[in-house]
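Colleague: The lines below spell out each chain.
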Amino acid sequence: MKNKFKKDFPIFKNLPKLVYLDSAATSQRPKIVVDALKNFYEKENANIHRGIYTLSEDATKNYELVRKKIANFINSNADEIIFTKNATEGFNLLANTIKELISKDKNEIVLTDMEHHSNLLPWQNFAKKYKFKLKFIPLTKNYELDYDKAKELINKKTAMISFTFVSNVLGTINDAQKLISLANTQKAMTIIDASQAIQHFKINVKKLNCDFLVFSSHKMMGPTGVGVLYGKKKLLEKMPPFLVGGGTIDSVDYENAVYLDPPRKFEAGTQNFADVIALGNSIDYLKQIGFDKIQKHESELFEYALEKMQKIKDIKIYNPGKNKSAPVISFNLQDIHPHDIAHILNDYNIAIRAGHHCCMPLIKKLGILGTCKVSGVCRASLSIYNTKEDINKLITALKKTQEIFGK
Amino acid sequence: MIMEIYKEHILDLYKNPKNKKILNNFNSEFSKNNPLCGDTMKIQLLIQKDRIKDISFTGDGCAISQASASLLTDKIKNMPIKQVKNLTKEDVLELLRIPISYARLNCALLPLDTIKGALENVGN
Numbered sequence: 000m001k002n003k004f005k006k007d008f009p010i011f012k013n014l015p016k017l018v019y020l021d022s023a024a025t026s027q028r029p030k031i032v033v034d035a036l037k038n039f040y041e042k043e044n045a046n047i048h049r050g051i052y053t054l055s056e057d058a059t060k061n062y063e064l065v066r067k068k069i070a071n072f073i074n075s076n077a078d079e080i081i082f083t084k085n086a087t088e089g090f091n092l093l094a095n096t097i098k099e100l101i102s103k104d105k106n107e108i109v110l111t112d113m114e115h116h117s118n119l120l121p122w123q124n125f126a127k128k129y130k131f132k133l134k135f136i137p138l139t140k141n142y143e144l145d146y147d148k149a150k151e152l153i154n155k156k157t158a159m160i161s162f163t164f165v166s167n168v169l170g171t172i173n174d175a176q177k178l179i180s181l182a183n184t185q186k187a188m189t190i191i192d193a194s195q196a197i198q199h200f201k202i203n204v205k206k207l208n209c210d211f212l213v214f215s216s217h218k219m220m221g222p223t224g225v226g227v228l229y230g231k232k233k234l235l236e237k238m239p240p241f242l243v244g245g246g247t248i249d250s251v252d253y254e255n256a257v258y259l260d261p262p263r264k265f266e267a268g269t270q271n272f273a274d275v276i277a278l279g280n281s282i283d284y285l286k287q288i289g290f291d292k293i294q295k296h297e298s299e300l301f302e303y304a305l306e307k308m309q310k311i312k313d314i315k316i317y318n319p320g321k322n323k324s325a326p327v328i329s330f331n332l333q334d335i336h337p338h339d340i341a342h343i344l345n346d347y348n349i350a351i352r353a354g355h356h357c358c359m360p361l362i363k364k365l366g367i368l369g370t371c372k373v374s375g376v377c378r379a380s381l382s383i384y385n386t387k388e389d390i391n392k393l394i395t396a397l398k399k400t401q402e403i404f405g406k
Numbered sequence: 000m001i002m003e004i005y006k007e008h009i010l011d012l013y014k015n016p017k018n019k020k021i022l023n024n025f026n027s028e029f030s031k032n033n034p035l036c037g038d039t040m041k042i043q044l045l046i047q048k049d050r051i052k053d054i055s056f057t058g059d060g061c062a063i064s065q066a067s068a069s070l071l072t073d074k075i076k077n078m079p080i081k082q083v084k085n086l087t088k089e090d091v092l093e094l095l096r097i098p099i100s101y102a103r104l105n106c107a108l109l110p111l112d113t114i115k116g117a118l119e120n121v122g123n
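Here the protein sequences come in this chain order: A and B. Just so it is clear: in the first sequence, position 194 is 193 by numbering that gives the first Met the number 0, and no numbers are missing. Just so it is clear: in the second sequence, position 10 is 9 by numbering that gives the first Met the number 0, and no numbers are missing.
No wet-lab data here; the hints were simulated from the structure. These numbers come from a predicted model, not from an experiment. Think of the CB as a built atom: it goes at the ideal place given N, C-alpha and C, for glycine as much as any other residue. Some hints here could point you the wrong way.
[As the list claims (entries may be wrong)] If you want the ones that stay clear, here's a sample from chain B, every Cβ over 12 Å from chain A, calculated:
no. : residue
1   : Ile-9
2   : Lys-14
3   : Lys-20
[To be verified] Calculated lysine-lysine pairs in the BS3-like style (CA-CA distance at most 27 Å, straight line):
no. : chain 1 : residue 1 : chain 2 : residue 2
4   : A       : Lys-156   : A       : Lys-68
5   : A       : Lys-399   : A       : Lys-30
6   : B       : Lys-48    : B       : Lys-14
7   : A       : Lys-399   : B       : Lys-48
8   : B       : Lys-6     : A       : Lys-315
9   : B       : Lys-52    : A       : Lys-364
10  : B       : Lys-31    : B       : Lys-84
11  : B       : Lys-14    : A       : Lys-364
12  : B       : Lys-74    : A       : Lys-363
13  : A       : Lys-105   : A       : Lys-68
14  : A       : Lys-231   : A       : Lys-128
15  : B       : Lys-48    : A       : Lys-312
16  : A       : Lys-363   : B       : Lys-81
17  : A       : Lys-398   : B       : Lys-14
18  : B       : Lys-31    : B       : Lys-74
19  : B       : Lys-20    : A       : Lys-364
20  : A       : Lys-363   : B       : Lys-48
21  : B       : Lys-6     : B       : Lys-48
22  : B       : Lys-6     : A       : Lys-398
23  : A       : Lys-315   : B       : Lys-84
24  : B       : Lys-81    : A       : Lys-364
25  : B       : Lys-81    : A       : Lys-312
26  : A       : Lys-42    : A       : Lys-16
[To be verified] To give an idea of the chain B side of the interface with chain A (calculated C-beta under 7 Å), a few residues:
no. : residue
27  : Phe-25
28  : Cys-36
29  : Gly-37
30  : Asp-59
31  : Cys-61
32  : Ala-62
33  : Glu-89
34  : Leu-95
Given these sequences and hints, build the entire structure.
Modeller: This is how it looks when you write it as structure tokens:
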């Protein structure tokens, strides 16, 4: 299988031996994104929403154009897109402003057992502050959500459900539509963490009918330092601003301020405009390839990897299997610590993630669900620039690791 | 490369660590996490006449942290606690005799940090 995409990513020209299997942590960037940053700083740099001069006006136009591109990408309106610094900030923004939207008879939040700390800690704080109860949709033995339990857990007291579309550890693609319809019947709000989904398949917020959706640029081949929060306009209008300051106001006197309409009331201070503008290029890149091709490539590789890995002696794989997972495979080699595995793989120029993946409660749960002792797992995650050769190298190195440890 | 860090003596200690047990008779214990990997190490100490009379560690960890715990607990047995408190990163690296990268330093130093925690915890 010839990889048509790898040449677009300069890092592989500079590090030809690199086998990068950590795209779920952060993706690599295509040349057009890197060039966009250089181009902006060298030819277009000026602050946005400030200057009356051409350079600033153009920067503002380009920044707002990316808002439109993102809206188009997920099928929302542009004024429903808020730029944050990362997905984590998106959740913190929600947890700090959403209280206004919750009716008095509701005091429960439903999350899942597979949430990233980013979609757990803000709600822990919220629950402590407002005396809400957190409930968690458990996993089945096949590393999927238990939808029967979800139906029991979501009730008329549920203020909101917040769940990940794709698990960063298990790869599991959750049935967002099903969870949203369960929430809708109980008039609960819906929040989706799309950080591990946005780069793999098409997301349509109108069709999903979710209230909020959060993701970050750096996992979708864009620059670091930019996150996106989508929110339904009628909800964003009722929410107070999170961070306040320059850029958010209509008028100010010494005692009071009148805030702008969303999205600007949520974007305080000088924004990360250079990175936002370069994110526009990563969206162009993904659209130009198209999700049909991205999915075809990624699922072919994923299935190849899964099949090869399953044949390794004493491997434990934490994944629901093909058609149910993004190209993310977490695993353990019995009794060999994930850090040792990742370390040895590094000597073969293979980059994987090892540890708890910002999902400590989930990893503890896997220890109960799985057969081996777990204080962490290894994770290989794939993207369009990966090849079957990468997988073959991974398999060889894993076998070598077992040899070194005398297994 | 691989052979530099996963040397025979490290792997041997990983497979057959010394002092990895639960003490029945101890007067201080302390647990510490390595937040990077989620590992927890527990140290138990029996201190008599300002010396480490007995010591043990428990908890799962990588080869580096287990080897480090094994070597370190062995070294400080019967050592005056004043001397243990002065042990440094360099002392641990000298015991391990392998090159430790920045990312693995936490693994190598978890036992020493936990031992120091246990010393501060005496009598609590």
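Colleague: Would you mind marking each hint as holding or not holding in the structure?
Modeller: Structure-based check of all given hints:
Some Cβ of chain A comes within 12 Å of the Cβ of Ile-9 (chain B); the nearest lies about 10 Å off, and the non-interface call is violated. Residue-level check failed: Lys-14 (chain B) sits 8 Å from the nearest beta carbon of chain A, not beyond 12 Å. Listed as a non-interface residue, Lys-20 (chain B) keeps its Cβ farther than 12 Å from every Cβ of chain A; the least gap is roughly 17 Å. The hinted pair formed by Lys-156 (chain A) and Lys-68 (chain A) fails the criterion: a straight-line CA distance of about 37 Å is larger than 27 Å.
At roughly 34 Å between alpha-carbon atoms, Lys-399 (chain A) and Lys-30 (chain A) are farther apart than 27 Å, so this suggested pair is violated. With a CA separation close to 33 Å, the supplied pair Lys-48 (chain B) and Lys-14 (chain B) exceeds the 27 Å bound. Restraint check for Lys-399 (chain A) and Lys-48 (chain B): not satisfied, since their Cα atoms lie roughly 49 Å apart, outside the 27 Å limit. Distance check on the hinted pair: Lys-6 (chain B) and Lys-315 (chain A) sit about 26 Å apart at the alpha-carbon level, within 27 Å; holds.
Restraint check for Lys-52 (chain B) and Lys-364 (chain A): not satisfied, since their Cα atoms lie roughly 38 Å apart, outside the 27 Å limit. The suggested pairing of Lys-31 (chain B) with Lys-84 (chain B) holds, with an alpha-carbon distance near 17 Å, which does not exceed 27 Å. Of the supplied pair hints, the one linking Lys-14 (chain B) and Lys-364 (chain A) holds, its CA atoms being roughly 26 Å apart against a limit of 27 Å. A distance of roughly 33 Å separates the Cα atoms of Lys-74 (chain B) and Lys-363 (chain A); the hinted pair therefore is violated under the 27 Å criterion.
Under the criterion of a C-alpha separation no larger than 27 Å, the hint pairing Lys-105 (chain A) with Lys-68 (chain A) is inconsistent with the structure, at around 36 Å. In summary, the hint linking Lys-231 (chain A) to Lys-128 (chain A) is supported, as the alpha carbons are separated by about 25 Å, within the 27 Å threshold. Distance check on the hinted pair: Lys-48 (chain B) and Lys-312 (chain A) sit about 51 Å apart at the alpha-carbon level, beyond 27 Å; violated. The suggested pairing of Lys-363 (chain A) with Lys-81 (chain B) is violated, with an alpha-carbon distance near 37 Å, which exceeds 27 Å.
Proximity of Lys-398 (chain A) to Lys-14 (chain B) is assessed by CA-CA distance (about 19 Å); at most 27 Å being required, the pair is judged to hold. For the proposed pair Lys-31 (chain B) and Lys-74 (chain B), the alpha carbon gap of about 20 Å is at most 27 Å, so the pair holds. Note on Lys-20 (chain B) and Lys-364 (chain A): the hinted pairing holds, with a Cα-Cα distance of about 25 Å set against a maximum of 27 Å. Between Lys-363 (chain A) and Lys-48 (chain B) the alpha-carbon distance is near 40 Å, which puts this suggested pair outside the 27 Å criterion.
Restraint check: the Cα-Cα separation between Lys-6 (chain B) and Lys-48 (chain B) comes to about 37 Å, which exceeds 27 Å; the hinted pair is violated. For the suggested pair Lys-6 (chain B) and Lys-398 (chain A), the alpha carbons sit about 18 Å apart, so the restraint of at most 27 Å is met. Note on Lys-315 (chain A) and Lys-84 (chain B): the hinted pairing is violated, with a Cα-Cα distance of about 41 Å set against a maximum of 27 Å. With a C-alpha separation of about 41 Å, the suggested pair Lys-81 (chain B) and Lys-364 (chain A) falls outside the 27 Å cut-off, and the hint is violated.
For a cut-off of 27 Å, the pair hint linking Lys-81 (chain B) to Lys-312 (chain A) is broken: about 48 Å separates their Cα positions. Restraint check: the Cα-Cα separation between Lys-42 (chain A) and Lys-16 (chain A) comes to about 34 Å, which exceeds 27 Å; the hinted pair is violated. Interface restraint check: Phe-25 (chain B) against chain A, minimum CB-CB distance 24 Å, threshold 7 Å, status violated. A least Cβ separation of about 5 Å between Cys-36 (chain B) and chain A falls short of the 7 Å threshold, and the interface hint therefore holds.
A cut of 7 Å between beta carbons decides the hint on Gly-37 (chain B): the least distance to chain A is about 4 Å, and the hint holds. About 5 Å separates the beta-carbon of Asp-59 (chain B) from the nearest beta-carbon of chain A, less than 7 Å, and the hint is met. About 4 Å separates the beta-carbon of Cys-61 (chain B) from the nearest beta-carbon of chain A, less than 7 Å, and the hint is met. For Ala-62 (chain B), the shortest C-beta to C-beta distance to chain A is roughly 5 Å, which falls under 7 Å, so the interface hint holds.
Using the Cβ-Cβ criterion of 7 Å, the hint placing Glu-89 (chain B) at the interface with chain A is not satisfied: the shortest such distance is roughly 22 Å. Because the closest C-beta pair between Leu-95 (chain B) and chain A is about 14 Å apart, greater than 7 Å, the hint is violated.
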